[in-house]
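Number of protein chains: 2
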Amino acid sequence: MFEAAELGRKISKEDYEKALPRLRKKLLEAQFALTSADFPVIIIIEGVDNVSKGEVINTLNEWLDTRGLSVHAFGAKSDEEAERPRFWRYWRTLPSKGRIAVMTGAWYSGSLIQGVFGQIDDTSFDRHMKRIHLLENTLAMNGALILKYWLHISKSEQTKRFKKLEKHPVQRWQVSKHDKKLLESYSQYKKFAERAIRLTDYAITPWQIIEAENARYRHLTIAQHLLSSISQRLKSGPVQPLKALTQADIEPFLEAPDNVLTVLDGLDLSTDISKTTYQKELVKLQQKLNQLSWKAYHQKRSVVVVFEGWDAAGKGGAIRRITQAVDARISQVISIAAPTDEEKSHHYLWRFWRHIPRAGHVTIYDRSWYGRVLVERVEGFAKDFEWQRAYREINDFEEQLCEHGILVVKFWLHIDPDEQLRRFKEREHIPYKRHKITDEDWRNRDKWSAYEAAVNDMVIRTSTDYAPWNLVPANSKRYARLCVLKTLCEQLEASLTPPEDRKKSSNS
Amino acid sequence: MFEAAELGRKISKEDYEKALPRLRKKLLEAQFALTSADFPVIIIIEGVDNVSKGEVINTLNEWLDTRGLSVHAFGAKSDEEAERPRFWRYWRTLPSKGRIAVMTGAWYSGSLIQGVFGQIDDTSFDRHMKRIHLLENTLAMNGALILKYWLHISKSEQTKRFKKLEKHPVQRWQVSKHDKKLLESYSQYKKFAERAIRLTDYAITPWQIIEAENARYRHLTIAQHLLSSISQRLKSGPVQPLKALTQADIEPFLEAPDNVLTVLDGLDLSTDISKTTYQKELVKLQQKLNQLSWKAYHQKRSVVVVFEGWDAAGKGGAIRRITQAVDARISQVISIAAPTDEEKSHHYLWRFWRHIPRAGHVTIYDRSWYGRVLVERVEGFAKDFEWQRAYREINDFEEQLCEHGILVVKFWLHIDPDEQLRRFKEREHIPYKRHKITDEDWRNRDKWSAYEAAVNDMVIRTSTDYAPWNLVPANSKRYARLCVLKTLCEQLEASLTPPEDRKKSSNS
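Protein chains in written order, with the numbering used here: chain A, -13 to 494; chain B, -13 to 494.
It is worth saying that the hints were derived from the structure and are not from the lab. Among the hints, erroneous ones may be present.
Unchecked claim - Simulated pairs of lysine-lysine, DSS-like, Cα-Cα distance not exceeding 30 Å:
#: 1; chain 1: A; residue 1: 419; chain 2: B; residue 2: 4
#: 2; chain 1: B; residue 1: 153; chain 2: B; residue 2: 141
#: 3; chain 1: A; residue 1: 221; chain 2: B; residue 2: 422
#: 4; chain 1: A; residue 1: 11; chain 2: B; residue 2: 83
#: 5; chain 1: B; residue 1: 149; chain 2: B; residue 2: 176
#: 6; chain 1: A; residue 1: 419; chain 2: B; residue 2: 83
#: 7; chain 1: A; residue 1: 63; chain 2: A; residue 2: 163
#: 8; chain 1: A; residue 1: 4; chain 2: B; residue 2: 419
#: 9; chain 1: A; residue 1: 419; chain 2: A; residue 2: 472
#: 10; chain 1: A; residue 1: 422; chain 2: B; residue 2: 4
#: 11; chain 1: B; residue 1: 281; chain 2: A; residue 2: 167
#: 12; chain 1: B; residue 1: 433; chain 2: B; residue 2: 419
#: 13; chain 1: B; residue 1: 167; chain 2: A; residue 2: 281
#: 14; chain 1: A; residue 1: 176; chain 2: A; residue 2: 63
#: 15; chain 1: B; residue 1: 419; chain 2: A; residue 2: 11
To be verified - Using C-beta positions, here's what the derived DEER-type ranges look like:
#: 16; chain 1: B; residue 1: 192; chain 2: A; residue 2: 482; range: 43 to 49 Å
#: 17; chain 1: B; residue 1: 166; chain 2: A; residue 2: 65; range: 28 to 34 Å
#: 18; chain 1: B; residue 1: 449; chain 2: A; residue 2: 366; range: 55 to 61 Å
#: 19; chain 1: B; residue 1: 105; chain 2: A; residue 2: 366; range: 56 to 62 Å
#: 20; chain 1: A; residue 1: 100; chain 2: B; residue 2: 104; range: 46 to 52 Å
#: 21; chain 1: B; residue 1: 110; chain 2: A; residue 2: 482; range: 38 to 44 Å
Just so you know, these numbers come straight off a predicted model, no measurement behind them. Ideal placement from N, C-alpha and C gives every residue a C-beta, glycine not left out.
The task is simple: from the sequences and hints, build the whole structure.
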């Protein structure tokens, strides 16, 4: 795989200096055009040779306008990063639209090092690469231009360079112990590098293997590729290539036939519960939840609770019964309203990644990422190919949470149209509830069957063994609240005494 | 101080339920009006009684629209939080304009607990309170409506309540060991509570002491005060009260007389350095900086480097000489461009707090918070009273960094108008540098003397013993770069072997 990058390509100083002024000017012009485009550029720099990587970063820093550029060289994880799923630290540094981020030591490096030094087996390594592909695919499908440069240098050249540097009285510091250890395992490194490239080299996120020996060749090649990629993308426009790709890349989407029983039809909405029983049970369940939540805190088991449901289904009331029981110091409610500008200029999952709880904490989402396949689908805010691929993106997202050991509990609060009408009317008569009823709510009611189809698809496509949906009959508020508390307690309790196999997978 | 909050005030269930619907409706209306106003609301809930605090939070959660509300109950610090100055965790959770944040266990609690249990002496406690006042004042002067409620309950009532709760078979969990320990130290707690209130009770950020015994009285009183405060503020408009306050609150501002020598006039701009000497020195200094930066990393000594200077003074080039030497994994360059919408909807310091480095890391700001007293002052983007109070805000901000043990190194790169003109013309002839010259740069040149006065004021007012300005003659780029590296190395080295007194103050 690297043979073509060991040909000894060079560019003379003369040619280099002739090409440079025009190239740098063009690069800046492209970057300037990018600032008003609606996609970000992510540049990944990988390879065994840290000196070359550093020089490439310095060069990009010099050639590009730093106001639109961030450089992220990932080193040791902070505790907050270690407490979240593996990709959280990358999500928090992703560039917004119009900006360029250069990333090194990012999502590939950790797995490569683990592979080379035998800390993970081949199966785990392959799973990491699969996960990386899904991440890159998710970002690229959303518009991000991902440019991946693998800087290659042969073993003999790397050895030669180290020797030369080490002899230099003041440049010795450029060679670390870790670099030398890696050089000793060069053949292992090469094996895993090839495997990484092979498993993540897709048409939408291709690798460029760059012969890194000659600095002038290396820098000119990368700059030219960067320039032509950005220019081409600016010309072709943001939607065209993605539309084309989605059709080839996404599985065919099964439209739910009309007038057919949905998963919601199986729910018995008639169950009610007396006020006395309710209050007795409520205190008991809240007490239990309080104890379990502290136990989870000490075991560093985080919990993500998702609430979706019809308008007026009682999400707010159910959530308050949870927050009354769980200490506010270890819990957080995220009410999903209109996204901020920063949120809008990222992938739609970015704003949810932001709030992933620290170890042992509970985050409750009042509405969630499922908006993509519910309101955005029905109201046409998301294009077909956008919400259709969202099921896979969401499943992947939740799988990452679960693999990290986070418990994901999802509730759909279900009422029927009659009960909703009753509650709407009731709300109109209570002064402080009137604001909860808007024209939009009445309009949504008219689209009941469209929403029903969307809910049905959502439940079918995103109820996974690791994060199943809990459908809650909610015509009786009392019944629904107890049901939510009970389910949450049960699932939390079960997650605190994990069977052997679950333990294993959550550590990987 | 608390006598007026032990009068046994009560509200009957009947009166409560009569008042409630109208109050809740009005509250929601006020919150709705707030969403398009240009100030945030910060609600601080303090007091010994955790049960009351929890109930107040639950009630606000129920009465307000949760989409515009966040609740932050601060518990144990995360490592990332512990690695930054004490207020960093609060800055990261401050509400943006139009939103309400309820904070409990926030900036007061830690100091109170430390005071009560003798972990800090009275002097330190008072210093903490002074710092809190400055924080609240900074936010309030910028428009934030800060509402502080101290929930008071007498010792006998608290004892009674605990006994009752502990007898209850399922509500026992509401009383923690920590609560009981605090009750035992009630008189100590009261002493520090009074002191805290006294030292932070200002006209712009006044305390409300709330008799907390009766839940109905407590909730109605807080809700009514909240409602009237927000309504009044919405009516009076955002600027009026702040303008009035600044005049009383800020020290008289000394205008620099025209045509007078400034601090910049003392600089000798004629020094140059040969290319050979430069390159020899550069490598040596970069090597030294590399070693020092790793040493600082291992000692967890963070560094904040600030670059300001005339257009074309060579900030970018000087910064690159630093980033070539410091490993990208432990450093970050923040180029200050136009703020994002999220940044705009916070205090102007918020965007800089965001990037405060983790322990042992280096953050380089390419332009900085000093924009407030430079470009914003000269161009009139900030009102007089805004940039005039900024000196104090900035000194306070940097003092917090230094107290936390962060080294702050500030550079002003100075060139004269002739040299600037030469560089502007040169840039116009180099294709990839032409973009660096805009009409704005030429306009700024015309305001040289206004900028000079602003720089002079800035240096005089913000050159402190803990964060002095380094004025760098930069007509010779080579000289300036070496000077920057040398200064940085010296100050970093000095901070790594601190004299006894500095060690002591950085630990407080």
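* Holds or violated: are the alpha carbons of residue 149(B) and residue 176(B) at most 30 Å from each other? -> Judged against 30 Å, a Cα distance of about 21 Å means the pair holds.
* To do: Could you grab the alpha-carbon distance between residue 153(B) and residue 141(B) and see if it respects the 30 Å cut-off?
  => The given pair, whose Cα atoms are some 19 Å apart, holds under the 30 Å limit.
* Asked: Cβ-Cβ distance between residue 192(B) and residue 482(A): within 43 to 49 Å?
  -> Because 46 Å falls inside the window, the suggested range holds.
* Asked: Taken at face value, is the distance from the CA of residue 83(B) to the CA of residue 419(A) at most 30 Å?
  -> holds, 25 Å
* To do: Take a quick look at whether residue 167(B) and residue 281(A) sit within 30 Å of each other, Cα to Cα.
  => Cα-Cα ~22 Å, so holds.
* Going straight from one Cα to the other, do residue 419(A) and residue 4(B) come out at no more than 30 Å? -> Given that 30 Å is the threshold and the Cα spacing comes to 16 Å, the pair holds.
* Asked: Are the Cα positions of residue 422(A) and residue 4(B) separated by 30 Å at most?
  -> holds, 21 Å
* Asked: So the hint says 38 to 44 Å: do the beta-carbon atoms of residue 110(B) and residue 482(A) match that?
  -> holds, 41 Å
* **Range agreement (Cβ of residue 366(A) with Cβ of residue 449(B), hint 55 to 61 Å)** => holds, 58 Å
* Taking only the CA atoms, is the gap from residue 419(B) to residue 11(A) under or equal to 30 Å? -> With a Cα-Cα distance of about 8 Å, the restraint between residue 419(B) and residue 11(A) holds, given a limit of 30 Å.
* Asked: Do the Cβ positions of residue 100(A) and residue 104(B) conform to the proposed distance bound of 46 to 52 Å?
  -> holds, 47 Å
* Quick one, are residue 281(B) and residue 167(A) close enough, alpha carbons at most 30 Å? -> Satisfied, since the Cα-Cα distance of roughly 22 Å is no more than 30 Å.
Consistency note: the structure conflicts with earlier hint 4 alone.
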